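Chemist: Listed in order, the protein sequences are those of chains C and D.
Going letter by letter, the first sequence gives residues 101 to 638 in our numbering.
Going letter by letter, the second sequence gives residues 101 to 638 in our numbering.
Treat the hints with caution; some may be incorrect.
Which copy is meant is left open, because identical chains are indistinguishable; a pair holds if it fits in one copy or across any two.
Said to hold, decoys possible - Think about it this way: if two alpha-carbon atoms lie no more than 27 Å apart in a straight line, the pair counts; the simulated DSSO-like pairs of lysine-lysine are: (1) K216 x K135; (2) K437 x K271; (3) K476 x K256; (4) K580 x K476; (5) K265 x K488; (6) K589 x K162; (7) K488 x K476; (8) K589 x K208.
Derived by calculation from the structure, the hints in this document are not laboratory data.
All figures in this text were calculated on a predicted structure; none of them were measured in a lab.
Here's the letter readout for the chains.
Number of protein chains: 2
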Amino acid sequence: MQKVLLAVSLIATMAGAGAPASANDDLTKLQQDPKDWVMSTGDYANQRYSKLSQITSSNVHKLVPAWTFSTGVLRGHEGSPLVIGDIMYVHAPFPNTVFALDLNNDGKILWKYEPKQDPSVIPVMCCDTVNRGLAYGDGKIILHQADTTLVALDAKTGSVVWSVKDGDPGKGATGTSAPMIVKDKVLVGISGGEFGVRGHLTAYNLQDGKQVWRGYSMGPDSDTLMDPEKTTELGKPVGKDSSLKTWEGDQWKIGGGDTWGWLAFDPNLNLIYYGSGNPSTWNPTQRPGDNKWSMTIWARDADTGVAKWVYQMTPHDEWDYDGVNEMILAEMDFGGKKRKTLTHFDRNGFAYTLDRTNGELLVAEKYDPAVNWATKIDMDKSSPTYGKPVRVAKYSTEHNGEDVNTKGVCPAALGTKDEQPGAYSPKTELFYVPTNHVCMDYEPFRVSYTAGQPYVGATLSMYPPPGETNMGNFIAWDGKTGKIVWSNKEQFSVWSGALATAGDVVFYGTLEGGRCEDRQGTLQVQDAVGHHRQRHDL
Amino acid sequence: MQKVLLAVSLIATMAGAGAPASANDDLTKLQQDPKDWVMSTGDYANQRYSKLSQITSSNVHKLVPAWTFSTGVLRGHEGSPLVIGDIMYVHAPFPNTVFALDLNNDGKILWKYEPKQDPSVIPVMCCDTVNRGLAYGDGKIILHQADTTLVALDAKTGSVVWSVKDGDPGKGATGTSAPMIVKDKVLVGISGGEFGVRGHLTAYNLQDGKQVWRGYSMGPDSDTLMDPEKTTELGKPVGKDSSLKTWEGDQWKIGGGDTWGWLAFDPNLNLIYYGSGNPSTWNPTQRPGDNKWSMTIWARDADTGVAKWVYQMTPHDEWDYDGVNEMILAEMDFGGKKRKTLTHFDRNGFAYTLDRTNGELLVAEKYDPAVNWATKIDMDKSSPTYGKPVRVAKYSTEHNGEDVNTKGVCPAALGTKDEQPGAYSPKTELFYVPTNHVCMDYEPFRVSYTAGQPYVGATLSMYPPPGETNMGNFIAWDGKTGKIVWSNKEQFSVWSGALATAGDVVFYGTLEGGRCEDRQGTLQVQDAVGHHRQRHDL
Chain C
101 MQKVLLAVSL
111 IATMAGAGAP
121 ASANDDLTKL
131 QQDPKDWVMS
141 TGDYANQRYS
151 KLSQITSSNV
161 HKLVPAWTFS
171 TGVLRGHEGS
181 PLVIGDIMYV
191 HAPFPNTVFA
201 LDLNNDGKIL
211 WKYEPKQDPS
221 VIPVMCCDTV
231 NRGLAYGDGK
241 IILHQADTTL
251 VALDAKTGSV
261 VWSVKDGDPG
271 KGATGTSAPM
281 IVKDKVLVGI
291 SGGEFGVRGH
301 LTAYNLQDGK
311 QVWRGYSMGP
321 DSDTLMDPEK
331 TTELGKPVGK
341 DSSLKTWEGD
351 QWKIGGGDTW
361 GWLAFDPNLN
371 LIYYGSGNPS
381 TWNPTQRPGD
391 NKWSMTIWAR
401 DADTGVAKWV
411 YQMTPHDEWD
421 YDGVNEMILA
431 EMDFGGKKRK
441 TLTHFDRNGF
451 AYTLDRTNGE
461 LLVAEKYDPA
471 VNWATKIDMD
481 KSSPTYGKPV
491 RVAKYSTEHN
501 GEDVNTKGVC
511 PAALGTKDEQ
521 PGAYSPKTEL
531 FYVPTNHVCM
541 DYEPFRVSYT
551 AGQPYVGATL
561 SMYPPPGETN
571 MGNFIAWDGK
581 TGKIVWSNKE
591 QFSVWSGALA
601 TAGDVVFYGT
611 LEGGRCEDRQ
621 GTLQVQDAVG
631 HHRQRHDL
Chain D
101 MQKVLLAVSL
111 IATMAGAGAP
121 ASANDDLTKL
131 QQDPKDWVMS
141 TGDYANQRYS
151 KLSQITSSNV
161 HKLVPAWTFS
171 TGVLRGHEGS
181 PLVIGDIMYV
191 HAPFPNTVFA
201 LDLNNDGKIL
211 WKYEPKQDPS
221 VIPVMCCDTV
231 NRGLAYGDGK
241 IILHQADTTL
251 VALDAKTGSV
261 VWSVKDGDPG
271 KGATGTSAPM
281 IVKDKVLVGI
291 SGGEFGVRGH
301 LTAYNLQDGK
311 QVWRGYSMGP
321 DSDTLMDPEK
331 TTELGKPVGK
341 DSSLKTWEGD
351 QWKIGGGDTW
361 GWLAFDPNLN
371 LIYYGSGNPS
381 TWNPTQRPGD
391 NKWSMTIWAR
401 DADTGVAKWV
411 YQMTPHDEWD
421 YDGVNEMILA
431 EMDFGGKKRK
441 TLTHFDRNGF
451 AYTLDRTNGE
461 LLVAEKYDPA
471 VNWATKIDMD
481 KSSPTYGKPV
491 RVAKYSTEHN
501 GEDVNTKGVC
511 PAALGTKDEQ
521 PGAYSPKTEL
531 FYVPTNHVCM
541 DYEPFRVSYT
551 AGQPYVGATL
561 SMYPPPGETN
571 MGNFIAWDGK
581 TGKIVWSNKE
591 QFSVWSGALA
601 TAGDVVFYGT
611 LEGGRCEDRQ
621 GTLQVQDAVG
631 HHRQRHDL
């Protein structure tokens, strides 16, 4: 599948007469070489699939560490290193040091970039001082620092080529996500939903860091880069100022919808895909309306940023079910017709498959039976609530009201899955998904906005579903039928990403081994087609 | 050699009619079982020698990590874990968490003890927040916390059996060293030489933590536990108040001589061996006299603490050459006569072998040719300076005076070796010693004492010896002849300990691999008899 996509992409790049010149043709080529890992997501399709087939279920038990490397930081490490030729590029949580390691010399440091950042950014990083990775293109390594500085480093020397400020940490904006390089642009999102930061995706010129376009998650059409007639949701034009109409007063200005998840790109369609996060505050009573376009899957034109289509999964969020999780692009057969698909495992517990050319909703099913806040997604195209979740009143934190503790909502705010990415194998045509299996009590309360101060407005407690003890599952998912094919119970939430391989083994990490408090884990190896597992202690 | 010692020890324990009952007979047995590692030093003799012979120079390249465990702390980790039966006990730098890990279950945590300590102790830990390890005896795990609390934990559950305060961190006293259990007592030293803390070795009752005796490094005989007639140095009685006579005024009360190194014990002689550290301050002009008994090898009676003999290596220190390094006990042939020996690689760059029954000096030679502050140790028994170093005036920081930068002194203050312990193989009859190869400029200045404040009085800069680039060597040393048998040049100071084995391979770690700033290292494997090495990246 990936091979097909990339072949198409190459042709498009080479034959594209009217298309703007690409500054990074090598990126497309590098994605095809399974010895490289040129972007955190593995490829533009976000499949996190390696074509390497040397490791199989019969020899994987022989894997042993060759060497290890410490970033010198204990906090959460998210995102994978990049491998480009003989060099591995490793990033770190705050202070976001970048290391270039020589793979021909046991990981000897070739260069190191250590940004000087004001540590006052740490308390405005909502959940941990993480960073989800680097981007590579045109001989540059791109880093989005905690303080929102986007910096381009010379990949050979680590020296700074350019840098630009993407947001204001003084108002709670921070950088945590991996940028993606698409043609001659660097795309990057922003964090700060718990501080009322209005989310945006921004394109910068790869050559000099100049801003090219910025699309906000909410606001007037000129901010959201929406065309009232041409931008669609579920096939219908969104209309003029579709976002503003769903907010009361100026709340949209501090409305969240941040963009801290993974990006995807279809070179053939020239569309960028990503999700927007929760509306601010977490207290739904303070923000009447659907709060568009928070909690939304976006498809934007890579050159102009104009939205081609959107789909809001959780209108008027009541549980912090951010929509930022990765979009995994594939090609699937639906009733004999090949569809270019986008599959997304949302925090709200539903897995969606859409036609990524136009945003048509093909499948929307729970990927954890514990999910209880909605019975289903309305799939009746003739219904006025088509595409929307069918909510259960007793789990509605708005219905129950402020200062009332709504109990037993599943999933918890961290979602059936959070930013830990799944993988897709075009060989097995299955998705491999690390999940959380956790419920919560949620009590919203009134909160006032002060720039740079937390703007949350809810207290939570989380626990495994009643009568169960496992807090996670690792599942194989059929994106065509919307069904779990197999599922591994895990003691803790599966907080690692997954890697699928052409050797038909899937890798993921767990927190078990009694060592979760020390952020040590265990590598799980899963047969991609069956249900056997092996465990390696790390 | 170890086998002989231990056999003697067992007989002594079992036959000792008049000796006090030992609460920890199992300790002696456990030392004999090569599957266990019951004290940080390996055994009472400090040989750090494993009788296991399965790993040899021909199969060592096949070693791979089985699992790793993180203490969750980044600072310096000193001392080895203990292994007793199926349990590994791991200690950590501040906050000094202790973990009991199940070796039958990939290191799963059985219990964890996390002391609550006032973090104000951190700034009075002179050089890092290290801890050199745990002691085991009578079903208890003993920890010396940073705040000087000595705590006994139930080895099965981790619950506190008793705890006692060994010093006052408010005055700069801290706990960093590994206690040693000898019969029914816990022995422990104290840190704080850079804060004017007067050093002592203290014996506590293993059953309930009650103090049994305390021997200070300086002060009146009632404090030093010296018998003017029976305590000897180089065969002569030390005389009344031998310490007080070598200090001006009350300087001895803030005179240092701390006791933060490794302890050794000879069960047959019933003597405890250890070294005392630098006199305070580092400015020699402020403390005229020999500053006894800083910089001294001590042999104390295990039951009473009374000193049997002493030997001061560096009277009136001018360079911070602490005498705390480990004493390695062995048996050696001198002129056809078997001697019970003690070998000590001092910070001052000389390696000493003494008869440990009476403190007779047998060998004293430089173990790094770079050493230049003294030409030799005077070995002429008829000389008035017998046993003392023959100093070189131009490297005397006292001779050059206060506020004068004495240049090019070798070794630097951290010594030709610091607390990183060497090993001894009774098979090869050689010592394997990690060393520093560093020189310094040293400028003393006047400093006034304030309790709990740094009391150093010198500024230093350190560098490799002129014309050289390697800052360390790993050497094999013949303790009988005082000669280097072979030497490995190392890029950095060798800051790891060494382990000798019956498989004729010696293990040590280095800081190389370009990763020293992250405290990652490389495991070196050295053929114990030859000069071949293998390298494993960790």
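Chemist: So, for every hint listed, does it hold in this structure?
Modeler: These are the hints, each one checked on the structure:
no.: 1; hint: K216 x K135; in the structure: neither (33 Å within a copy, 49 Å between copies)
no.: 2; hint: K437 x K271; in the structure: neither (48 Å within a copy, 80 Å between copies)
no.: 3; hint: K476 x K256; in the structure: neither (51 Å within a copy, 51 Å between copies)
no.: 4; hint: K580 x K476; in the structure: within (17 Å within a copy, 84 Å between copies)
no.: 5; hint: K265 x K488; in the structure: neither (37 Å within a copy, 65 Å between copies)
no.: 6; hint: K589 x K162; in the structure: within (24 Å within a copy, 35 Å between copies)
no.: 7; hint: K488 x K476; in the structure: within (9 Å within a copy, 88 Å between copies)
no.: 8; hint: K589 x K208; in the structure: between (39 Å within a copy, 19 Å between copies)
Hint compliance for this structure: hints 1, 2, 3, 5 are broken, all remaining hints hold.
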